[in-house]
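> Residues per chain, in single letters:
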Amino acid sequence: MSGLRFKKTTEFDEEVYAVHPDDYRGLLEALKGEGLDYPRSLSGVDVGYGLRVVVHLYGIENGRKVTVFTDLPYDAPEIESVTDLWPGLEWFEREAYDLFGIRFKGHPDLRRILLEEDWTIHPLLKRYDTGGYPLPDWRPAPWPEPAPWEEPEAAGEGGEA
Amino acid sequence: MRGPTTVEPVPGRTDELIINMGPQHPATHGVLKVVIGVEGERITRAVPHIGFLHRNHEKIEEARTYPQIITYTDRMDYVSGLQNELPFILAVEDLLGVEVPQRAKLIRTIFFELFRIASHLVWLGTGMLDLGAITPFLYTFRDREMILEITEKTAGARMLPNYFTFGGVRRDVHPDFFKDVAHFLDFFETRLPDYYALVLDSPVFQARAVGVGVLSRERAIARGASGPVLRASGVAYDVRKAEPYDAYPDLEFQVPTRTEGDVFARFWVRFKEMEESVKIIRQALEKVPKTGPYKGKVPPRVKPKPGARYRAVEISRGHLGTYVVSDGSERPLRVKHRSPSFANLQLIPDLFVGARFADAIAILSSLDPVFGEVDR
Amino acid sequence: MSRMPLPADRLVQPKLVGYDPTRPRPWLERLAYTLFFAALWAMVILAYGAVPALFRRFGWLSTTAGFLAYAVVEAVLAFLLAAVVALILIVVLRKYLGKVQERVGPMHYGPAGVFQTVFDALKLLGKEDFAPKRVDWLIFRIAPAIVFVSAFLLMVALPVAGGWVMADLNVGLLYIVAVSTLGAYGVVLGGLSQGNKWGLLGGFRAGAQLVSYEVPLALALLAVGVYAGSLRLSDIVEHQYGVWHVVPLFLSFVVYLVASIAELKATPFDLPEAESELVAGYNTEYSGMSFAFFFLAEFVELFLLPGFMVVLFFGGWHGPLFGLAPGSFAAGVLQSLYFLIKVAVWVWIFLWIRATLPRFRDDQLMDLAWKGLLPLALVGLLVAAFLRMFLEVL
Numbered sequence: 001m002s003g004l005r006f007k008k009t010t011e012f013d014e015e016v017y018a019v020h021p022d023d024y025r026g027l028l029e030a031l032k033g034e035g036l037d038y039p040r041s042l043s044g045v046d047v048g049y050g051l052r053v054v055v056h057l058y059g060i061e062n063g064r065k066v067t068v069f070t071d072l073p074y075d076a077p078e079i080e081s082v083t084d085l086w087p088g089l090e091w092f093e094r095e096a097y098d099l100f101g102i103r104f105k106g107h108p109d110l111r112r113i114l115l116e117e118d119w120t121i122h123p124l125l126k127r128y129d130t131g132g133y134p135l136p137d138w139r140p141a142p143w144p145e146p147a148p149w150e151e152p153e154a155a156g157e158g159g160e161a
Numbered sequence: 001m002r003g004p005t006t007v008e009p010v011p012g013r014t015d016e017l018i019i020n021m022g023p024q025h026p027a028t029h030g031v032l033k034v035v036i037g038v039e040g041e042r043i044t045r046a047v048p049h050i051g052f053l054h055r056n057h058e059k060i061e062e063a064r065t066y067p068q069i070i071t072y073t074d075r076m077d078y079v080s081g082l083q084n085e086l087p088f089i090l091a092v093e094d095l096l097g098v099e100v101p102q103r104a105k106l107i108r109t110i111f112f113e114l115f116r117i118a119s120h121l122v123w124l125g126t127g128m129l130d131l132g133a134i135t136p137f138l139y140t141f142r143d144r145e146m147i148l149e150i151t152e153k154t155a156g157a158r159m160l161p162n163y164f165t166f167g168g169v170r171r172d173v174h175p176d177f178f179k180d181v182a183h184f185l186d187f188f189e190t191r192l193p194d195y196y197a198l199v200l201d202s203p204v205f206q207a208r209a210v211g212v213g214v215l216s217r218e219r220a221i222a223r224g225a226s227g228p229v230l231r232a233s234g235v236a237y238d239v240r241k242a243e244p245y246d247a248y249p250d251l252e253f254q255v256p257t258r259t260e261g262d263v264f265a266r267f268w269v270r271f272k273e274m275e276e277s278v279k280i281i282r283q284a285l286e287k288v289p290k291t292g293p294y295k296g297k298v299p300p301r302v303k304p305k306p307g308a309r310y311r312a313v314e315i316s317r318g319h320l321g322t323y324v325v326s327d328g329s330e331r332p333l334r335v336k337h338r339s340p341s342f343a344n345l346q347l348i349p350d351l352f353v354g355a356r357f358a359d360a361i362a363i364l365s366s367l368d369p370v371f372g373e374v375d376r
Numbered sequence: 001m002s003r004m005p006l007p008a009d010r011l012v013q014p015k016l017v018g019y020d021p022t023r024p025r026p027w028l029e030r031l032a033y034t035l036f037f038a039a040l041w042a043m044v045i046l047a048y049g050a051v052p053a054l055f056r057r058f059g060w061l062s063t064t065a066g067f068l069a070y071a072v073v074e075a076v077l078a079f080l081l082a083a084v085v086a087l088i089l090i091v092v093l094r095k096y097l098g099k100v101q102e103r104v105g106p107m108h109y110g111p112a113g114v115f116q117t118v119f120d121a122l123k124l125l126g127k128e129d130f131a132p133k134r135v136d137w138l139i140f141r142i143a144p145a146i147v148f149v150s151a152f153l154l155m156v157a158l159p160v161a162g163g164w165v166m167a168d169l170n171v172g173l174l175y176i177v178a179v180s181t182l183g184a185y186g187v188v189l190g191g192l193s194q195g196n197k198w199g200l201l202g203g204f205r206a207g208a209q210l211v212s213y214e215v216p217l218a219l220a221l222l223a224v225g226v227y228a229g230s231l232r233l234s235d236i237v238e239h240q241y242g243v244w245h246v247v248p249l250f251l252s253f254v255v256y257l258v259a260s261i262a263e264l265k266a267t268p269f270d271l272p273e274a275e276s277e278l279v280a281g282y283n284t285e286y287s288g289m290s291f292a293f294f295f296l297a298e299f300v301e302l303f304l305l306p307g308f309m310v311v312l313f314f315g316g317w318h319g320p321l322f323g324l325a326p327g328s329f330a331a332g333v334l335q336s337l338y339f340l341i342k343v344a345v346w347v348w349i350f351l352w353i354r355a356t357l358p359r360f361r362d363d364q365l366m367d368l369a370w371k372g373l374l375p376l377a378l379v380g381l382l383v384a385a386f387l388r389m390f391l392e393v394l
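Protein chains in written order, with this note's numbering: chain R, 1 to 161; chain C, 1 to 376; chain Z, 1 to 394.
It should be emphasised that the hints constitute simulated quantities derived from the structure, not laboratory data.
Honestly, I wouldn't trust all of these hints.
Derived DSSO-like pairs: lysine-lysine, alpha-carbon spacing no greater than 27 Å straight-line [unchecked claim]:
no.	chain 1	residue 1	chain 2	residue 2
1	Z	Lys-123	Z	Lys-133
2	R	Lys-126	C	Lys-303
3	C	Lys-279	C	Lys-241
4	C	Lys-305	C	Lys-153
5	R	Lys-126	C	Lys-59
6	C	Lys-179	C	Lys-290
7	C	Lys-59	C	Lys-305
8	Z	Lys-197	C	Lys-33
9	C	Lys-59	C	Lys-303
10	C	Lys-33	Z	Lys-133
11	R	Lys-105	R	Lys-7
12	C	Lys-297	C	Lys-279
13	C	Lys-297	C	Lys-287
14	C	Lys-59	R	Lys-105
15	R	Lys-126	C	Lys-305
16	R	Lys-32	C	Lys-241
17	R	Lys-8	R	Lys-32
18	C	Lys-241	C	Lys-272
19	C	Lys-305	R	Lys-8
20	R	Lys-7	C	Lys-305
21	C	Lys-153	C	Lys-297
Across the chosen pairs, the derived CB separations fall in these ranges [to be verified]:
no.	chain 1	residue 1	chain 2	residue 2	range
22	R	Glu-15	C	Gln-68	28 to 36 Å
23	R	Gly-35	C	Gln-68	34 to 42 Å
24	C	Val-353	R	Glu-15	31 to 39 Å
Glycine included, each C-beta is placed from N, C-alpha and C at the ideal position.
Sequences and hints are given; from them, build the entire structure.
What follows is the structure in C-alpha cells.
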C-alpha cells in the first residue's frame, strides 16, 4: 500500500481509512488481498462540501472490520467501481448512484435501482428537502483543509472532516 | 454475474417467452418484479427490479431527531419489526457512550429472539404456501400470534412496537412477561415436531428442495449474502458470534450451518435457528432479574458527538447494519441501513438462470426477502 | 395440542361478527352436514332410481315421445345432481380445511356456514363475465363448456346401485377414458386461448400432465376390465361379490389413485393452476360464470373419480341388504347409501391429501407418471391377466 494517499485511524473496533479518490480502488484492491472478502455495505454520504463514498468490509476468516471512505466534489462525483472485487456491492453502487448521483466507472449495469428511470434528481442530496424540492438557501461548504486523507504533520487530528 | 439492462426478446427466436413476474405476483412476497425469459419451463434470463415499496426512509430520517428515528427503523423489515431498531440504537449508544444495564440487555435479547422465531414462522408459512401447501401457513401464523400478544402486553403494539430505546428499553416489561414467554416456549416446542413432519421430513418437499438453487460458498461471500442463506452455504458467519452485542456474549448457542447451499439447506438452517432461539431465550430467562433497572442513564436531549459508527446485528434475514453519521446536532447527517434482503436479492440472476420455473418460486421463498427493507 | 387463551387484559378484544368461535356448536354442524348428505342421497335416488322406475312402471319408455321426455328429465336431473354435488363438496372442502387448519371455516351463511357455496354461486352469477381483448373468443368461450360437459357426461355412466345407472354402456371403461380425456382438452384450450402468458404456461402444463397420467390411468382401468372379463361397469361391480378388486388388483388401484389425483388437478399435482407459481394458470382470465364452470367441473370430478374408484375397486354398491330382494327399489335405496358412504370416505381421503402435501414440480410429475406409474400399471395389467387365466383354469 505504499504510494497511496490515505490516512489510517481506529474508531471503536474498526480500522478507518480515509483515502484520496484516485487511490480508492488501489487501496481496496490491497485490502481485498488482505482477506477482507465480505462486503458489508457501501453508502454515499452528503457531507456538505462534497459526496463521501463509504465502504464497510469484513474478513470472514480474520474478523477484521474496515471502513474506507473518500470524498468527491459535487461537480465531478466520479469514482472507480469495485464490483469486480466484491460483486455484492453491485446493487449498493447502483443505490448510491440512484440516491446521490455518484457515478461508478466500470460498473456493469449502472442505472437507477430504487427510483424509476425517469427521475431527474438524486433525492438524498442535502440541496433538496424531504419533498424533493430544491432548498433556496443551500450553499456547498468549503472544501476542508487539510483534506481527510492527507497525513497531517502533527498527530491527533481526527479522521473525520 | 449480471443481467442485461432490460430483457428484450431475441429477434427470430420463438421458443423463449418473456414474462413479467410481479410486482403483483402471488409468490413474490410483496412487490418484487423479475423479468424472466423461459424456454418451456426452464429460465434462461432473469432481471430483478426493486423499488416498488421505496419510501426513502433515509431522507426522512435525516429530518428527524434521534429518538424519532427509532420508529422508522421498525418499518423496514416489518415481519421482524423490533429487531430493526437495534443496530441504529447500538450505533447511537456507541456515539453517546451510554451504558446499558444488564437487565435491559437481557430483555432486549429475549425480544430479539422472540421476533426471530416470529419472523421464521412467517417465512415458513408463506414459503410452504409458495410450494403449494396451505396448512403450515395457518399453523405458523397462529403460533406467531402468541409472540405478538406477548409483545402487545409489554410494548403496546404488536408488529412495530418501537420498544427499544437508547440505553435499554422504553418501559418495564409486563408483570406476566416472563411467565408468558416460558409458556410460549413450552408450547412452541410441542409444535416443532409438527413442522418437521409437515415440511422437512415430507418427501414431496424434499423432492422440491434438495439440490435446487445451489449457491456456492465463494459466491455467497462475494455477493454479500448473509443470514441463513450464507450459513446454508457453509459459512459460519453470524453477527451474534462475530461481534456480539447485548447479552449474547453471556449466552451459549450454536450457529447451525450446512454445506449444500440448496433450498433444503436454507430451510434446515432456519428450522435449527428457531430451536437455538428457544435455547437462548431459556438461558436469558434464567439470568434475567425479575426487577431492576430497564434503562441506562441517557441525556434528555440525544446529541451524539460528531463521528460515524457502523453497527450490525443478526436479524432473522441476516446482517442488518446501520451506519450513523453524526454532526453533533440533534439530527443525524446520514443514516444508512444495510439490509440483508437487499444484498440477498442480488443472487436472483445467479440462482434463477437454469432453474425450472417452479424452482424459482422455491428459491425465492428460501431467500425470504421482505420488501419493506429491500426498498426502504 | 394445547391452545393459548386470549389474554384477559388485552386492550382490544376481537370483535365477533355473526358467530362466536369461542362457542362452537358442533351438534349444529353435524346436523347440517348430515342433512346435506341426506339431500345428496335423495337427489341420487331421484335421478338414478325413482324417475327411471316411474317411466318403466308406466311403460313410457317404449314410445319415442316418452323416451325423449325421459332423456330431457334425466338430463335436467343429472345437471341438478352435478350442481348439488359441487355445492356440497365446495363447502365441505372449506369446512374440512378449516378443521385441519384449526380455524372454523365458513360460518356466516346458514347454520355453521352450510349455505356458503350458494351465496358464492350467486356472487359469481352476478359478476361480469369479462373477456380480455386478446382472447381467441370462440375457444375461450367453449373451453369451460367442454370441461363441464365432460364431467357431466361421466355422471351418466356411474352405476350407483343394482340396475340404477342412466346408461349402462357395454363399453363403460372405454367411455370413462374417452370422456375424462375430453375434459383435459377444455383445460388446455382454455389456457392457450386467453392471450395471457400465465394461462399459456398453465395450458402447457395441463397438456404435459394430461399426456403423462392418462396412459397409466387407462392401463389401470384395462386391468380391471381384463380381470372382470367385461367393460360394462355393472358387470364389473357384480364380479366383486366375495372379494373386492382392490385385493387382487392392488397395484392397479394405487396407479388409479395417483392418476386420479392428477386428473383432479389437486395438490400435490395442481400444477396447471398452481396459484403461487402461475397466478391462476389456465383460468387466469376467466371470471363470472365461465370461471364457475371450471370450478363446478372440478368438484363434480372430485365426486366422480372416487365414485369410479369405488365402482372399480371397492365393490360399488355392495353391502348387507338385510333380506331385501336384490333389484327391488328398497334394495336400490340401501345400495345407493352404501355407495355414497364409500365415496364419501374416499372424498375425505382426497381432501386430506390436498390439505397436507406441498406441490410436485412438473418434471417430477412426468417422472412419476412415466417411470413409476406406467411400469406399475403394466405389472398390474400382467397380474390381472394371470389372475384371470388362473380363474378360468379353475
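> Decide, hint by hint, whether the structure agrees.
Consistency of the hints with the structure:
1. Lys-123/Z <-> Lys-133/Z: holds (24 Å)
2. Lys-126/R <-> Lys-303/C: Judged against 27 Å, a Cα distance of about 20 Å means the pair holds.
3. Lys-279/C <-> Lys-241/C: holds (15 Å)
4. Lys-305/C <-> Lys-153/C: violated (35 Å)
5. Lys-126/R <-> Lys-59/C: holds (9 Å)
6. Lys-179/C <-> Lys-290/C: At roughly 11 Å apart (the allowed maximum being 27 Å), Lys-290/C and Lys-179/C satisfy the hint.
7. Lys-59/C <-> Lys-305/C: holds (21 Å)
8. Lys-197/Z <-> Lys-33/C: holds (15 Å)
9. Lys-59/C <-> Lys-303/C: Given pair Lys-59/C, Lys-303/C holds - Cα atoms ~19 Å apart, limit 27 Å.
10. Lys-33/C <-> Lys-133/Z: Given pair Lys-33/C, Lys-133/Z holds - Cα atoms ~24 Å apart, limit 27 Å.
11. Lys-105/R <-> Lys-7/R: holds (24 Å)
12. Lys-297/C <-> Lys-279/C: violated (31 Å)
13. Lys-297/C <-> Lys-287/C: holds (22 Å)
14. Lys-59/C <-> Lys-105/R: The given pair, whose Cα atoms are some 25 Å apart, holds under the 27 Å limit.
15. Lys-126/R <-> Lys-305/C: holds (21 Å)
16. Lys-32/R <-> Lys-241/C: Holds, at about 23 Å.
17. Lys-8/R <-> Lys-32/R: Distance ~16 Å between Lys-8/R and Lys-32/R Cα, so the pair holds.
18. Lys-241/C <-> Lys-272/C: The hint holds at about 16 Å.
19. Lys-305/C <-> Lys-8/R: holds (20 Å)
20. Lys-7/R <-> Lys-305/C: holds (21 Å)
21. Lys-153/C <-> Lys-297/C: Between Lys-153/C and Lys-297/C the Cα gap is close to 25 Å, so the pair holds against 27 Å.
22. Glu-15/R <-> Gln-68/C: 28 to 36 Å: holds (32 Å)
23. Gly-35/R <-> Gln-68/C: 34 to 42 Å: Holds, since Gly-35/R and Gln-68/C (Cβ atoms, about 40 Å apart) stay within the stated range.
24. Val-353/C <-> Glu-15/R: 31 to 39 Å: The hinted range 31 to 39 Å holds for Val-353/C and Glu-15/R, with Cβ atoms some 38 Å apart.
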